[in-house]
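Peer 1: Listed here are the chains, written in short residue letters.
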Amino acid sequence: MSKFKIDRQTLDELNLLGKFRAGSVYHLFNQVRTRGGEQLLDEMFNNPLSSTVLINERSETFKCFQEHDFRFDYDVQVISVFREYLDTKTYNHKIRVYFSLLSRSVLARLTRDERYKKSIQGFQAIVQVLKKTTALMPLLSWAPEPFQSRVQEIQVLLKRPDMDQLLQMDIYSEIDLGTLVFYEHLLKGKLHTDMENVLSFIYELDVYQAVGMVARAKGLGYARALEPEQNVFRCQNLRHPCIEKAVGNDLLLEEDSNVLFLTGANMAGKSTWMKSLGIGLYLAHMGFPVAADSFEFSLREGLYSSINVADNINLGYSHFYAEVVRVKQAAEAAASGARLMLMFDELFKGTNVKDAFDGTLAVTEGFAEYTNCLFVVSTHIIEVGEELRGFPNIQFRFMPTILEGGVPRYTYRLKEGITEDRQGMMIIQSEKILELLER
Amino acid sequence: MKLETDAQTLEDLRIFGKREQTGIFDLYNDTHTRGGEKLLREMFRNPLSDIESIGYRRHIFAYFSEHHLEFPFEGSLLDMAEKYTASTKDAGASRQQILNDKDIENGVVSIIQLTQKLRIFIDIDVVKASVPFAGEREAIITILESDVLQPVLRDKNSGKVSYSAITAFDALFRSKGQIKIEGLLHLIYLLDVYLSVARVALKYGFTYPKAHQKGSCILSVDGLFHPELKKPVANDMVMEGHSSLVFLTGANMAGKSTFLRSIGTATFLAHMGFPVAARAMEFSIMDGLYTTINLPDDLGMGASHFYAEVLRVKKIATELHKGKKLFVIFDELFRGTNVKDAHEATVAIAIGFARNSESRFIISSHIVEAAEQLGVEPGIDFLFLPTRMNGNTPQYTYTLERGVTDDRHGMLIIRSEGILDILKNGKKGRIYCNEAQ
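Protein chains in written order, with the working numbering: chain A, 1 to 439; chain B, 1 to 437.
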């Protein structure tokens, strides 16, 4: 299957990536300790999976890490020294290695040259890390496949006789130049790939452990990927993962009920709920834990959103036009027959209420016929909903507003139907504006 | 008295620039000195609300616009003087550390030069003859003729001042002369503002509006345009006597917001006694000016856009209830709610507003249906900005006409982008596939 389609705008709107953006989903999961772990996490965030098997395997691994209190207690400093040691190249011939190290050791004594010290430290770091890894192996007996095979692979590697010698090394006793030269030549030469392999295993451990830990701390659940043909999306108590004490909601979208028409006042939580859906689906495609009690989904080919575009009359028209272009992109993608999730929040908000009414209606009617896609549309223009009643595959939900002494309060719990909140005149009356104007 | 206004209004009218965007202030700011700029900013922060102070300022500006005069000092001279006097205010001991000998020399020399040039300036015939400026001129003369400044005016070999003379002047300026010199600098800054605004008025062809007493129910503009536009289209508008509310309609690009900004900005500037972007303008002085052109959703407060609008309407209603006379602008009133509520609320509020016959309201809206109910109310006028269809492309005249329009182009754009066709002909889901065939 092709790569999951998502573009810059959607990524930004859902605030998925962004290392330095507080509140981004990446930021939430970025509890990794090593540089390499961070790179791996980046890679996972940038490449959602497109096979149910891979997704379910990865999410199973995370789940096991969450359940078993596995501690990543490598010294991060030592690992970066390891990395550095491997990255500094040396000579192919042992003799040249010998002379270069010899000259460094002499230089180190005469001047403040630190290269000799670096070589020793690097070597010591490798011994330390390998010992640590060997000790960790029995603790990973519960690891599920395919990670279990990785564990086995590393275990076999560490039990090799050439490794054994290394593992017997006592780094606190003196290491003579001969040994240093021997290993420098060996580790950077013949064993280089093996060492890389150990390192990347450690990075994987780092990511699995970090994500598992976040999942435990935040009480996240796991998604189950289903085949695309089943065309289903089911979640219970789905929340926004980055919001503390977020209110969860349930939803079921299927072939014959693939459109969610969401109404409610502006602050009632429509956008947040849509973002929760989008983030949930994206994380699920990465095989990551999701903020839900249960989450089942058929594999999708992409995600398009248009959410919460800053309301700016300065851009009034150009904003409207940008939205039109966005909808057009989405329409083209849907028309190609791809199985997508499309989300439009407060469509055509920048324009007047009547154009927004006509536009939202026409676009929703158009998209509703694409039952291969999941389609979520929200609006405060409740009249659109009445016009859409005839479509069998449209589900109507709303985010309620409760007026308490004229001040609106929001429950953030989805209800079935179209909102009846005619708050407009109610607020005006409760604020006693007309009385003020009556003089 | 001060004209009441608020941050939202200043934001809407873009009075002060923000980052890369320039504001109305920047347009009027052609001052040579930092002190002048500060003073001008002060004026923009404090629009006036009484006919005397507005008239006073307006006459000085108009006089200088009429008699073209250049600001007689270089900005650098004032910068040096400013640096020197500013540090004089600090306690003597620390002053030596801030100012070195060179700074002191520059400061003393610049003050001597300023004083002498000012003496010459106020004796120019045009300045002498000015009635509006007479008060300020009098104040300058009083300071110049005070004993303290006599040695300065006597000093003839300007530019070359001996080291000993500098020490003597420094001592003089720091002690007895300090207050006089500060007063003089303030008057120079004021002069800078007057000349600068007068110059701007000439450069852009601005006009000086005529102010009327509060409550005289006059608002008329002739050839009003937006000062920041390159090729503005001018509009006329009259709201006199009982006609207190204008209900403005038009398509999105037809220029509603620009017109509202133009009239809002002109009213704001008129209340400062400043020249405005129009051929002619008359207005009765108001107690307050409130616009709502680009209201942000107040996410922090958890209020919706609609609620934010309601709160704003309430604020204005409260002021009106107190008997204040206001100039109020609402762009796209109640667009944060559904069609039905927007309709009902617009009608109710517009009628309520229109009964305040001494205030002035302009409301723009797309709810054309509201116009029918409002038509029977006295005091409500209807204007619209038309769209001419040239085939499929809309063209705008940006010229106000009487009446109501229901021009909209949202659907036109959606159709012309072909979105509905794309969706109609794409690979649909199983259920609708059969239906389509």
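One or more hints might be untrue.
[Unchecked claim] Pairs of lysine to aspartate or glutamate residues, derived as EDC-like cross-links and limited to a Cα-Cα distance of at most 16 Å, are as follows:
hint, chain 1, residue 1, chain 2, residue 2
1, B, Lys340, A, Glu145
2, A, Lys354, B, Glu240
3, A, Lys63, A, Glu114
4, B, Lys214, B, Glu240
5, A, Lys354, B, Asp79
6, B, Lys210, B, Glu240
7, A, Lys328, B, Asp406
[As the list claims (entries may be wrong)] Stretches of chain B that chain A covers, calculated by requiring three or more beta carbons in the stretch to come under 8 Å of a beta carbon on chain A:
hint, segment
8, 174-180
9, 202-213
10, 226-232
11, 339-352
Hint data in this document are derived by calculation from the structure and do not stem from the laboratory.
Backbone N, C-alpha and C define an ideal beta-carbon position, used for all residues, glycine too.
Peer 1: Verify the proposed pairing of lysine 210 of chain B with glutamate 240 of chain B, using a straight-line Cα cut of 16 Å.
Peer 2: Between lysine 210 of chain B and glutamate 240 of chain B the Cα gap is close to 15 Å, so the pair holds against 16 Å.
Peer 1: Against the 16 Å threshold, does the CA-CA distance of lysine 214 of chain B and glutamate 240 of chain B hold or violate the hint?
Peer 2: Distance of about 13 Å is within 16 Å: holds.
Peer 1: Mind checking, does the segment 174-180 of chain B have 3 or more residues with a CB under 8 Å from chain A?
Peer 2: violated (count 0)
Peer 1: Is lysine 354 of chain A within 16 Å of glutamate 240 of chain B, Cα to Cα?
Peer 2: violated, 32 Å
Peer 1: With the threshold set at 16 Å, check whether the alpha-carbon distance from lysine 328 of chain A to aspartate 406 of chain B stays at or below it.
Peer 2: violated, 26 Å
Peer 1: Do three or more residues from the segment 226-232 of chain B put their C-beta atoms closer than 8 Å to C-beta atoms of chain A?
Peer 2: Since 0 is below three, the answer is violated.
Peer 1: Quick check: do three or more residues in the segment 202-213 of chain B have a beta carbon closer than 8 Å to a beta carbon of chain A?
Peer 2: That given contact is violated, which follows from only 0 residues of the segment 202-213 of chain B lying within Cβ reach (below 8 Å) of chain A.
Peer 1: Measure nothing beyond the straight line between the CA atoms of lysine 63 of chain A and glutamate 114 of chain A; if it is 16 Å or shorter, mark the hint as holding.
Peer 2: violated, 45 Å
Peer 1: Given the hint that lysine 354 of chain A pairs with aspartate 79 of chain B, test it: the Cα-Cα distance must not exceed 16 Å.
Peer 2: violated, 57 Å
Peer 1: For the pair supplied as a hint, lysine 340 of chain B and glutamate 145 of chain A, confirm whether the alpha-carbon distance does not exceed 16 Å.
Peer 2: violated, 59 Å
Peer 1: Between the segment 339-352 of chain B and chain A, are there enough contacts, at least three residues with CB-CB distance under 8 Å, for the coverage claim to hold?
Peer 2: holds (count 9)
When held up to the earlier numbered hints, the structure conflicts with 1, 2, 3, 5, 7, 8, 9 and 10 and fits the remainder.
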